[in-house]
Every structure is written in C-alpha cells, then in structure tokens.
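According to this note's numbering, the sequence shown is numbered sequentially starting from 1.
Read the hints as simulated data drawn from the structure, not as lab findings.
It is possible that some hints are incorrect.
[Claimed, not checked] Here are the simulated lysine-lysine pairs, BS3-like style, with alpha carbons at most 30 angstroms apart:
{"no.": "1", "residue 1": "Lys64", "residue 2": "Lys217"}
{"no.": "2", "residue 1": "Lys211", "residue 2": "Lys174"}
{"no.": "3", "residue 1": "Lys168", "residue 2": "Lys217"}
{"no.": "4", "residue 1": "Lys217", "residue 2": "Lys174"}
{"no.": "5", "residue 1": "Lys211", "residue 2": "Lys143"}
[Said to hold, decoys possible] Computed beta-carbon distance windows for the label pairs:
{"no.": "6", "residue 1": "Arg206", "residue 2": "Glu87", "range": "40 to 46 angstroms"}
{"no.": "7", "residue 1": "Gly146", "residue 2": "Asp119", "range": "42 to 48 angstroms"}
{"no.": "8", "residue 1": "Phe243", "residue 2": "Glu31", "range": "46 to 52 angstroms"}
{"no.": "9", "residue 1": "Asp150", "residue 2": "Glu87", "range": "32 to 38 angstroms"}
{"no.": "10", "residue 1": "Asp198", "residue 2": "Glu178", "range": "19 to 25 angstroms"}
{"no.": "11", "residue 1": "Glu26", "residue 2": "Tyr98", "range": "17 to 23 angstroms"}
{"no.": "12", "residue 1": "Glu129", "residue 2": "Ala218", "range": "17 to 23 angstroms"}
{"no.": "13", "residue 1": "Thr164", "residue 2": "Glu187", "range": "21 to 27 angstroms"}
A virtual CB, placed ideally from N, CA and C, is assigned to each residue, including glycine.
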Amino acid sequence: MLRGLITLIVAFSFIMTAQAQSLEFETIRTETTPGFFALRIFPGNDLKPIPIENVYITNYQGRKQTESFVPILELLRELNATIIAPEQADQYQYDNAYRTIWLGSGPAGELLFSPQSDDILSDFDAFSETNLGPVYLQNLDLKFGGNVSDVYPERIRFLGNQGTVYGKFERPLKTRLELQATTQSQEIAAVTPIYLNDYEAHTEARSLPAKWEAAYKAATSKDTGKRLNYDWWLKLFPWVLFFTGLALILFASTRIFRHREDWYDFAMNTESNTEPKTDSVPQRNDSDHLKDDWWNHPIEETPLYKDWEKNLPFEVINRQED
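The task is simple: from the sequences and hints, build the whole structure.
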C-alpha cells in the first residue's frame, strides 16, 4: 500500500497569488501484472467544506418498494430535506449548489440509494456516512499517463472524505495523474506521480477486479430511471418462463384433445356410411317362399326364342346321312 501526502501548488485564473492545497493519495494494486489498481483520494485539512444542499429524487417502482421507502421519506421530511419527482430532476441535477440522490433507481454515474436488507434505515445510515458527508472538491477530472487504461469513474462530481477510482495497468511502472477540480472559491490543477511499480500486500487487493467491474457497469450502464429494476426482472423471469411453458402445454393438450374428438367423429361417420342400411331393404322371412308359388310356374319364353326351329337368323340345311 502506497500512501503519500502531496502538496499541490494551485494557480488561480483570477488571483495572481499562489496558495497551497493538500490532497492525500493511496494506491492499491494487484500482485499480478497486467492487473487492476485502485486510487483513493483524500482531501487535505486545509480544504474547507463547500456549501451544498441535498435533493432526494423518488424513483422507485412497485407497491412493495414504495412501502419500503416510507420510513426514509418520513425521516427526510423531519429533516426538512428537499424531495422531488424524477420530472423535476433537471432543475437540480446539473447545478453545483445541489447534490442529487436518487432513491430506488437512477441514471448511470449518479448517487443512488437502494436498500440492501430489510432494515432500510440502517442501510440509509451507512449510505449517508459514506456518500453524504461534507463536500471539499467538485467536478474532479482525472487524466492518467501511459501504462493505465479503463479508469472508472472518469469523473468525480463530489469529493467528500474520500473518493475512489478503479483502473487497469499493464506493467509495474510509475505513471502520473493530472487533476482538475473546484474548491469552495477557486479551481485547482495539479500533476502528481502514481506509484504502480511496487506491490505491497493489501486486504482489498483480491477484490479489485470485482470492484473495477462494478465501477465499469455503473459508469456505462443505460439510464435505469426509465425502466424497471433489473434485479426485479431477474427474479421474475423464471416464473414468467414457467407460466409461459405451462400455457403452451395446456394449449397443445387442448388442440390434441379436440383433434382426437374430430377424428373420432369422422371415423364414426365414415363407418356408418359404409354399412348397408337395413331399414331400406325389406326383410324376408324364410317361410315366405312356402306361401308363394311363383317357382312352380314355367318360365315364359321370350319372343326371340319362340319357334326357334323356324325363325332363325340364318339358314339351316337339313342334312341327312347317307
């Protein structure tokens, strides 16, 4: 862990004198290279707090989440805090006299409070202690030299008791940092070395890749204030998939059942059409032939065969044997 107190000599644009402003830096890096690093920035004791007002933006979704924020809203009203709707955020979001805090979900790069447990008041106390303390610097722009890339966040809007950025480095070499920021009354600019050439064991070194990824997602993700919370959708998706599959199975079963009924009706109709209709054929009793005597009468000769010996279509020559 490298930690050094660096005195920044600040040149003012409108004041022709130079005054000293102190900042303290702490560098943490992974043992392996290429690797990840974290740079912590601490304000010096000579920096005075900047007057700033906190503005809370209610942007939670769903009945359950709305009810969970009731204790927070009651607390903020007791403190006479400013509470607004998302539609009013533009009036405060880009004004340096206000610090906006989104409750529930919000745009990438903004301060966001979302409860992490059932005790929302304890979560809010921890969040306030870390993020809502006095502001000593505003609008910190950080530019690193060579050997460093993918630093997030790229800009720190409010620096309280501590600010942290995460990045990647290629080799164990020293680099530099160009910093620009605004204090209570003036703008400052400074250049300071960042020591990545030496490794010192630190308890947070192993967690740097995960923290860099979280910082990257927070800085590059889309605006979450205009969509439902991602975690909520992630929890709901298995149930949506289950009920969708169940509906498809029921639909397919219904179609199969109806198809079988139609096929059964068709088969029955076909079978009934092929069978002889016994009701249309008169049934004859076996003893009826005893009552009728038609078979006792001789068959009447047809005209063609009457006098067949005389009326033949060809000539017959009687030939007697000699």
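For each hint, the structure was consulted:
1. Note on lysine 64 and lysine 217: the hinted pairing holds, with a Cα-Cα distance of about 26 angstroms set against a maximum of 30 angstroms.
2. Restraint check for lysine 211 and lysine 174: satisfied, since their Cα atoms lie roughly 22 angstroms apart, inside the 30 angstroms limit.
3. Only pairs whose Cα atoms come within 30 angstroms are accepted, and lysine 168 paired with lysine 217 is accepted, the gap being roughly 15 angstroms.
4. In summary, the hint linking lysine 217 to lysine 174 is supported, as the alpha carbons are separated by about 27 angstroms, within the 30 angstroms threshold.
5. Proposed proximity of lysine 211 and lysine 143 is supported: the alpha carbons are some 20 angstroms apart, at most 30 angstroms.
6. At about 43 angstroms, the beta-carbon gap between arginine 206 and glutamate 87 stays in the expected band of 40 to 46 angstroms.
7. Roughly 46 angstroms separates the CB atoms of glycine 146 and aspartate 119, a value that falls within the hinted 42 to 48 angstroms.
8. For the hinted restraint 46 to 52 angstroms between phenylalanine 243 and glutamate 31, the CB-CB distance of approximately 49 angstroms keeps it satisfied.
9. For the pair aspartate 150 and glutamate 87, the supplied restraint of 32 to 38 angstroms holds, since their beta-carbon distance comes to about 34 angstroms.
10. Aspartate 198 and glutamate 178 have their C-beta atoms about 22 angstroms apart, which keeps the hinted 19 to 25 angstroms range intact.
11. Evaluation of the 17 to 23 angstroms hint for glutamate 26 and tyrosine 98 yields a failure: the beta carbon distance comes to about 29 angstroms.
12. A hinted range of 17 to 23 angstroms for the beta carbons of glutamate 129 and alanine 218 is consistent with their spacing of about 19 angstroms.
13. Remark: the range hint 21 to 27 angstroms for threonine 164 to glutamate 187 is upheld by a beta-carbon distance near 22 angstroms.
Consistency with the previously given hints fails for number 11 only.
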